[in-house]
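J.: Below are the chains, spelled out letter by letter.
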Amino acid sequence: METFDVVVIGSGPGGYPAAIRAAQLGASVAVIEKDQAGGTCLNCGCIPTKTLIASGDLFHRIAKSEELGISVGSAEYDYKAFADRKDKVVGTLRKGVEGLLKANGVTLLRGVGSFVSRNVIAVDGADGKQEIGASKTIIATGSDSVMPGFIPKSKLIVESRAFLELTKLPKSLLILGGGVIGCEFACLAAQLGVKVSIVEMLDDVLPMLDKDVRRQVRKYMEKELDIDIITGAPLEKITTTAKAVKGKVDGKAVQAEMMLVSIGRRPVTDGLAIENAGVTLNEHGFIPADADCSTSAATVYAVGDVIAGSTQLAHAATAQGCTAAENAVAGKAKKAAILIPGCIFTAPEVGVVGMSEAEAKEAGRDVAVGKFAFASLGKAMAMGETVGFVKWIADADTDQILGAAAVGPHATELIAEATLAVNAELTVSEIGKTVHSHPTLSEAWMEAAHVLHGSCVHAMPSRRKLKIKD
Amino acid sequence: MAQPVLLPKLGQTVEEAAIVKWHKSVGDAVKQGDILFEIETDKAVLEAESFFDGFLLKIFVGEGETVPVSSVVAYIGEKGEKVPDAPPAPKVPVKVEPAPVKAAAVAEDKKAIAPVIKAAPVVSVSSPAQSAPVVAVAERVFISPRAKALTKAKCIDFKVIAGTGPNGRIVVKDVEAYLESSGYNQLRVSPAAKRLAAKHKVNLLTVRGTGVSERVMVHDVERSIAALPKKMSKMRQIIASRLTSSFRDIPHFYVTVSVDMTDLLIYRQELKEAGKAYKVTDFILESTILSLEEFPAMNSSTDGVNVSWNESVNLGLAIGLDSGLVVAAIRNSQELTLSELSAQVASVGAKARSGKLMPDEMTGSTFTVTNMGMLNVEDFGAIINPGEGGILAVASTIPTATVVDGKIAVRQIMKVTLSADHRIVDGTTGAAFINAIKNKLEDVELWKHLTS
Numbered sequence: 001m002e003t004f005d006v007v008v009i010g011s012g013p014g015g016y017p018a019a020i021r022a023a024q025l026g027a028s029v030a031v032i033e034k035d036q037a038g039g040t041c042l043n044c045g046c047i048p049t050k051t052l053i054a055s056g057d058l059f060h061r062i063a064k065s066e067e068l069g070i071s072v073g074s075a076e077y078d079y080k081a082f083a084d085r086k087d088k089v090v091g092t093l094r095k096g097v098e099g100l101l102k103a104n105g106v107t108l109l110r111g112v113g114s115f116v117s118r119n120v121i122a123v124d125g126a127d128g129k130q131e132i133g134a135s136k137t138i139i140a141t142g143s144d145s146v147m148p149g150f151i152p153k154s155k156l157i158v159e160s161r162a163f164l165e166l167t168k169l170p171k172s173l174l175i176l177g178g179g180v181i182g183c184e185f186a187c188l189a190a191q192l193g194v195k196v197s198i199v200e201m202l203d204d205v206l207p208m209l210d211k212d213v214r215r216q217v218r219k220y221m222e223k224e225l226d227i228d229i230i231t232g233a234p235l236e237k238i239t240t241t242a243k244a245v246k247g248k249v250d251g252k253a254v255q256a257e258m259m260l261v262s263i264g265r266r267p268v269t270d271g272l273a274i275e276n277a278g279v280t281l282n283e284h285g286f287i288p289a290d291a292d293c294s295t296s297a298a299t300v301y302a303v304g305d306v307i308a309g310s311t312q313l314a315h316a317a318t319a320q321g322c323t324a325a326e327n328a329v330a331g332k333a334k335k336a337a338i339l340i341p342g343c344i345f346t347a348p349e350v351g352v353v354g355m356s357e358a359e360a361k362e363a364g365r366d367v368a369v370g371k372f373a374f375a376s377l378g379k380a381m382a383m384g385e386t387v388g389f390v391k392w393i394a395d396a397d398t399d400q401i402l403g404a405a406a407v408g409p410h411a412t413e414l415i416a417e418a419t420l421a422v423n424a425e426l427t428v429s430e431i432g433k434t435v436h437s438h439p440t441l442s443e444a445w446m447e448a449a450h451v452l453h454g455s456c457v458h459a460m461p462s463r464r465k466l467k468i469k470d
Numbered sequence: 001m002a003q004p005v006l007l008p009k010l011g012q013t014v015e016e017a018a019i020v021k022w023h024k025s026v027g028d029a030v031k032q033g034d035i036l037f038e039i040e041t042d043k044a045v046l047e048a049e050s051f052f053d054g055f056l057l058k059i060f061v062g063e064g065e066t067v068p069v070s071s072v073v074a075y076i077g078e079k080g081e082k083v084p085d086a087p088p089a090p091k092v093p094v095k096v097e098p099a100p101v102k103a104a105a106v107a108e109d110k111k112a113i114a115p116v117i118k119a120a121p122v123v124s125v126s127s128p129a130q131s132a133p134v135v136a137v138a139e140r141v142f143i144s145p146r147a148k149a150l151t152k153a154k155c156i157d158f159k160v161i162a163g164t165g166p167n168g169r170i171v172v173k174d175v176e177a178y179l180e181s182s183g184y185n186q187l188r189v190s191p192a193a194k195r196l197a198a199k200h201k202v203n204l205l206t207v208r209g210t211g212v213s214e215r216v217m218v219h220d221v222e223r224s225i226a227a228l229p230k231k232m233s234k235m236r237q238i239i240a241s242r243l244t245s246s247f248r249d250i251p252h253f254y255v256t257v258s259v260d261m262t263d264l265l266i267y268r269q270e271l272k273e274a275g276k277a278y279k280v281t282d283f284i285l286e287s288t289i290l291s292l293e294e295f296p297a298m299n300s301s302t303d304g305v306n307v308s309w310n311e312s313v314n315l316g317l318a319i320g321l322d323s324g325l326v327v328a329a330i331r332n333s334q335e336l337t338l339s340e341l342s343a344q345v346a347s348v349g350a351k352a353r354s355g356k357l358m359p360d361e362m363t364g365s366t367f368t369v370t371n372m373g374m375l376n377v378e379d380f381g382a383i384i385n386p387g388e389g390g391i392l393a394v395a396s397t398i399p400t401a402t403v404v405d406g407k408i409a410v411r412q413i414m415k416v417t418l419s420a421d422h423r424i425v426d427g428t429t430g431a432a433f434i435n436a437i438k439n440k441l442e443d444v445e446l447w448k449h450l451t452s
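Protein chains in written order, with my numbering: chain A, 1 to 470; chain B, 1 to 452.
Treat the hints with caution; some may be incorrect.
Claimed, not checked - Derived pair list, reagent style BS3-like, types lysine-lysine, alpha-carbon separation capped at 30 Å:
| no. | chain 1 | residue 1 | chain 2 | residue 2 |
| --- | --- | --- | --- | --- |
| 1 | A | K64 | A | K34 |
| 2 | A | K361 | B | K234 |
| 3 | A | K88 | A | K168 |
| 4 | A | K129 | A | K195 |
| 5 | B | K31 | B | K415 |
| 6 | A | K361 | B | K24 |
| 7 | B | K231 | A | K433 |
| 8 | A | K155 | A | K64 |
| 9 | B | K199 | A | K433 |
| 10 | A | K248 | A | K237 |
| 11 | A | K433 | A | K361 |
| 12 | B | K21 | A | K361 |
| 13 | B | K148 | A | K361 |
| 14 | A | K80 | A | K211 |
| 15 | B | K230 | A | K361 |
| 16 | A | K361 | B | K31 |
| 17 | A | K371 | B | K231 |
| 18 | B | K230 | A | K433 |
| 19 | A | K155 | A | K129 |
| 20 | A | K50 | A | K252 |
| 21 | A | K129 | A | K34 |
| 22 | B | K31 | A | K433 |
| 23 | A | K223 | A | K433 |
| 24 | B | K21 | A | K433 |
| 25 | A | K361 | B | K199 |
Unchecked claim - What the simulated footprint calls covered on chain A by chain B, stretch by stretch (three residues with Cβ under 8 Å from a Cβ of chain B suffice, anywhere in the stretch; the number is not a length):
| no. | stretch |
| --- | --- |
| 26 | 135–143 |
| 27 | 423–434 |
To be verified - If we take Cβ atoms under 7 Å as the criterion, some of the chain B residues that face chain A in the derived model are:
| no. | residue |
| --- | --- |
| 28 | V83 |
| 29 | V160 |
| 30 | G163 |
| 31 | L187 |
| 32 | S190 |
| 33 | P191 |
| 34 | A192 |
In case anyone wonders, no lab produced these hints; they're calculated from the structure. All C-beta atoms in this analysis are idealised placements derived from N, C-alpha and C, irrespective of residue type, glycine included.
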C-alpha cells in the first residue's frame, strides 16, 4: 500500500491549493478527485458564471450604448457561442490546475475517496478500487446545490450546475431563492432578454447585505432589468407541463419556461465514510472544524464549504486549504484567515468586507458611516455608470475601519482596497490622507472617508463646523 | 407639574440609604423605566427606576450622600419648570407595610412616587465596614511640554524615562533616546491599535503583538485594556468585603460526610410519578432545618464575646447569579411543611433570578445551604455568611463503588461539607450535626412520613 504524508480529498479551490502548499513544504501528497480537477468553482461555479456574465454584461452595455454615442442597430448574441467560450476558459484553467499539481509532484487519483480507517483511504475509480495510506488527511469535498423533495423532477427545473450547461436560454425563467446565486443568474439572464421572476421566502433578496446596499441592487434589477421580485412568500403547488413550470405565490399564479432552484447548498460527504475516521458530522451534515481547520480526529483536517459555519466562498476555502496544509505538515495550529471579503456579480456588482453597518451596530459599537455616491464622481459619470456608492463603516471612537461596502461599477474590484484597509486595521483618516488618482472609481473611497469626517470637498456642506482630525 | 422623586422604601428594616451613583444628570431626558440611580444599603446595592417621563430638573442628594428613605432626592418634569430649591422634609417614620416587591412603592404623598427598585443584591448580614481606599501620592516628574506631547503621541509612559534636563527634567532628546533604546522604534503597530492605546492610555511598549511579524493589533491592545485594573461592580465589592471579613474573623473548620442518596432518589421518583414533584434540594434543606432544631448551637452566632442562639431557623439559600452571589432568607423555616418549604424555595429562587428580591428577603438568615450539585463537583468547602454559625456545602451526587453489607455496590453518593465557626462549636458538635443531616437523608421512612 502506497502511503502519503498528506492526502487531500477534493481538488477544488480548497483542495488543490492545500495539496500544492503541502508539496511546497516537502510532503508527499495525493489528491483524490471524483470528477474534474478544479472543483465547483472552476467547473460549475465562479469561473463559468463569470465568463457568461462577462459576455452578458458586455451585450447589455452594447445594447444600451446609445447614450455614449454608439449606435449598433439591433445587437444580437449567440448563447451557444457564449457557452463554447465558457467551456474553453474552463478547459484552459482546468489544464492549468492539473499542470500545477503535476509540476509540484502531487499524485492525482481519480475516483471517490472514502475512509477505511483514520489513516487508510480507499479510492474507488474507473480502474477499480485501491487503498492508500495517509499520515494526514485534508477533506475538501465542497458543497452541492440543495434540491428539496417537494420540487418535481423535470428537465425544466434545474439547479446552477445544469443551468450552466445550457446552450440555449429559455424565454422566461423563474428563480426560486433570492440569495447570491439566484440574483447573479437572474441578472445574467435578464441582461440577455430573458423575462425573469425571483421568488424569495424571506423579506428581501440578498439579506446579508446592509439595507442601503440591497436597495440599490434590487432597484436596478426591478427597474432596469425588469425582473419581478416577489419576497416574503413561499412558492407553492409547483407543477410542470411539457413546456412550462407553474406555481403559486401568495395565491397568485407564476409561470415560466424554466425554473432555477437556488435555495442553498449542502455539504458533500456522500461515500466519504467519515465515521471511520472518527469524525462526527453536525446535525446539518457539515464537518465541525476549529479555527486551525483541525477536526475532532487528530490527523484529519477539513476546509471550505464542507465545514460548519463556512462562508461558502472559494477564496475562503483557498486560505483555509493553505493553512490546513501548513498545519498538517508542520504540526502547528495556526488559525486560518477570518477576514473574508464577499463579491456578488449582480448588476450592479457588490463587494463587502468586514462588518456590515447593521452588524457593527448589533455589536454595540459606536458606528460612524461615510458614504459617497458614484453619481457625484467624475469618472463614473464619464463611464456612464452612476449607479451605487461606496461606504466605510468605522468605530466613531477610534476611527478604526470596521467594514466597507461597495455597490456599483467594478465594486468587486474596488473592495480590494477596503479589504487591505480592514485587514491592516487602518483608520478612516489614513484613507482620507492617501491621495487617490483622478479620475478613477477608487477615488470614491477617499471621498467617502472625507464624508465620514465631514470634510468632503465634493459633498454638500453639513451644518456642523469642520474639525480636522489628525 | 414637576414630580418629586423619593428614595425608595427598601423594606421594613432599612431606614436610610446612600445614593452611590446617578445614571442621569440634571437636564437629561428620562423615560419611565430608565435607571435613575443606584442605592447602597449595608446589605445590598439596588437600582432605582423612574416612574415618570420627562427631564431630570434637580438633584438634591449627590453621589455618596446618605439620607432617610422616602426623602425627596430629585425632581422630574418638563423643561424649564420651577422646582423648590431645597427638598421638603422627608415623611418619616414610614408606616410598616409589606415591602412592595414588583412595582409601585406608593408613598403617602400620592404625587410623590418612589422609583421602582430593581434589586440586584447581595449576601445578607451585619458589618458594613469598608476601609477607605489608600490613595498613592505620585512622585512629581518634570517633563517639557514638547516631550510630554511626544510621549502622548507615541503612547508611552514618561515616568520611566530618565531626564537629563535641569532638575532631571525630561526633554525631547530623552524621549527620543528612550524610543530607540527601549525598542519602540522597532515596534510595529496597526493605526487603529495605536488610536485605541492612546484613548485608554495603554503603554504600547507593554503590549505583546500577535499580528504578522508581531505587529500590535487592536485585539492585542484590547487584551491589555482588559488587564488594566478596573472598578468591580458595587455588588462584587460588597461580596468581597463581606467574605473577607468572614474568612478573616471566623475560624472555619470543615467536616465532610458521604450521603447515600440511592433510596431517597428512588422514593423521589415514586413521588414524582404520583404527582408530587420535589427537588433534591428540598430534602436537603428540610434535613438541615430539622437538624438545626436538634443542635441549636449550630443555629447561633457570636461576636467573639457573646453567643446568641437564634429562636427560629431562618434558612439562607445561596443563589448564584451572573452578577454575583445572593443569599435569600426563608424565615421561620421550622414552621413550614415540606411542600410549603418547596414552594417557598422555588419562589425566592425565581425572584432572585429576576432581580426582584427585596433587602428584607436577603437579611436575617441564621444558617446557609449552598448547593453546587448541578455543577459536577465532588466536594467543596464554603465560606460562612457573616453572622451565622455555619454553612453547608452540597456537592454533586455521583454513582460510586460503595461497600454495602460487606459487598461492593454502586450507590448514588453525595458529599456534603459543613463549614463551622470554631468559636461557637467544636468538632464533636459539627460531626454530630452533619451526621444528623446524613441520617435523615438516608432515612426513607422519615420522608414517607413527611410527604404523607
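J.: So, for every hint listed, does it hold in this structure?
T.: Here is how each hint holds up against the structure:
A distance of roughly 44 Å separates the Cα atoms of K64 (chain A) and K34 (chain A); the hinted pair therefore is violated under the 30 Å criterion. Note on K361 (chain A) and K234 (chain B): the hinted pairing holds, with a Cα-Cα distance of about 29 Å set against a maximum of 30 Å. Our distance criterion of 30 Å between C-alpha atoms is met by K88 (chain A) and K168 (chain A), whose separation comes to about 17 Å. The suggested pairing of K129 (chain A) with K195 (chain A) is violated, with an alpha-carbon distance near 48 Å, which exceeds 30 Å.
Distance hint between K31 (chain B) and K415 (chain B) is unfulfilled; the C-alpha atoms sit about 50 Å from each other, more than 30 Å. For the hint pairing K361 (chain A) with K24 (chain B), the CA-to-CA distance comes to about 23 Å; that is within 30 Å, so the pair holds. With a C-alpha separation of about 39 Å, the suggested pairing of K231 (chain B) with K433 (chain A) is violated against the 30 Å cut-off. As the CA atoms of K155 (chain A) and K64 (chain A) are separated by approximately 33 Å, the hinted pair breaks the 30 Å bound.
Note on K199 (chain B) and K433 (chain A): the hinted pairing holds, with a Cα-Cα distance of about 21 Å set against a maximum of 30 Å. For the given pair, K248 (chain A) sits about 6 Å from K237 (chain A) by alpha-carbon distance, which is consistent with the 30 Å threshold. Between K433 (chain A) and K361 (chain A) the alpha-carbon distance is near 26 Å, which keeps this suggested pair within the 30 Å criterion. Distance hint between K21 (chain B) and K361 (chain A) is fulfilled; the C-alpha atoms sit about 27 Å from each other, no more than 30 Å.
For the suggested pair K148 (chain B) and K361 (chain A), the alpha carbons sit about 36 Å apart, so the restraint of at most 30 Å is broken. Proximity of K80 (chain A) to K211 (chain A) is assessed by CA-CA distance (about 37 Å); at most 30 Å being required, the pair is judged violated. Restraint check for K230 (chain B) and K361 (chain A): satisfied, since their Cα atoms lie roughly 25 Å apart, inside the 30 Å limit. The straight-line distance between the Cα atoms of K361 (chain A) and K31 (chain B) is roughly 22 Å, inside the 30 Å bound, and the hint therefore holds.
With a C-alpha separation of about 39 Å, the suggested pair K371 (chain A) and K231 (chain B) falls outside the 30 Å cut-off, and the hint is violated. For a cut-off of 30 Å, the pair hint linking K230 (chain B) to K433 (chain A) is broken: about 36 Å separates their Cα positions. For the suggested pair K155 (chain A) and K129 (chain A), the alpha carbons sit about 33 Å apart, so the restraint of at most 30 Å is broken. Among the hinted pairs, K50 (chain A) with K252 (chain A) is inconsistent with the structure: their alpha-carbon atoms are about 34 Å apart, more than 30 Å.
With a C-alpha separation of about 13 Å, the suggested pairing of K129 (chain A) with K34 (chain A) holds against the 30 Å cut-off. Only pairs whose Cα atoms come within 30 Å are accepted, and K31 (chain B) paired with K433 (chain A) is rejected, the gap being roughly 43 Å. Distance restraint check for K223 (chain A) and K433 (chain A): the Cα-Cα separation of roughly 38 Å exceeds the 30 Å cut-off, and the hinted pair is therefore not satisfied. Distance check on the hinted pair: K21 (chain B) and K433 (chain A) sit about 43 Å apart at the alpha-carbon level, beyond 30 Å; violated.
At roughly 21 Å between alpha-carbon atoms, K361 (chain A) and K199 (chain B) fall within 30 Å of each other, so this suggested pair holds. Only residues whose C-beta sits within less than 8 Å of a C-beta in chain B count toward coverage, and the stretch 135–143 of chain A has 0 of them, not enough to reach three; the restraint is violated. Remark: the stretch 423–434 of chain A is confirmed as covered by chain B, as 5 of its residues place a Cβ nearer than 8 Å to a Cβ of that chain, reaching the required three. Interface restraint check for V83 (chain B): the shortest CB-CB distance to chain A comes to about 33 Å, outside 7 Å, so the restraint is violated.
Violation of the interface hint for V160 (chain B) is found here, the shortest Cβ-Cβ separation to chain A being roughly 25 Å, above the 7 Å cut-off. The criterion of a C-beta within 7 Å of any C-beta in chain A is not met by G163 (chain B), whose closest approach is roughly 27 Å, and the hint is violated. Annotation: L187 (chain B) was flagged as interfacial toward chain A, and the flag is violated, the nearest CB pair being 15 Å apart, outside 7 Å. For the restraint placing S190 (chain B) at the interface with chain A, the shortest Cβ-Cβ distance is roughly 3 Å, inside the 7 Å limit, so the hint holds.
With a least beta-carbon distance of about 5 Å to chain A, the hint placing P191 (chain B) at the interface is held under the 7 Å criterion. A distance limit of 7 Å between C-beta atoms decides the matter here; for A192 (chain B) the minimum to chain A is near 3 Å, and the interface restraint holds.
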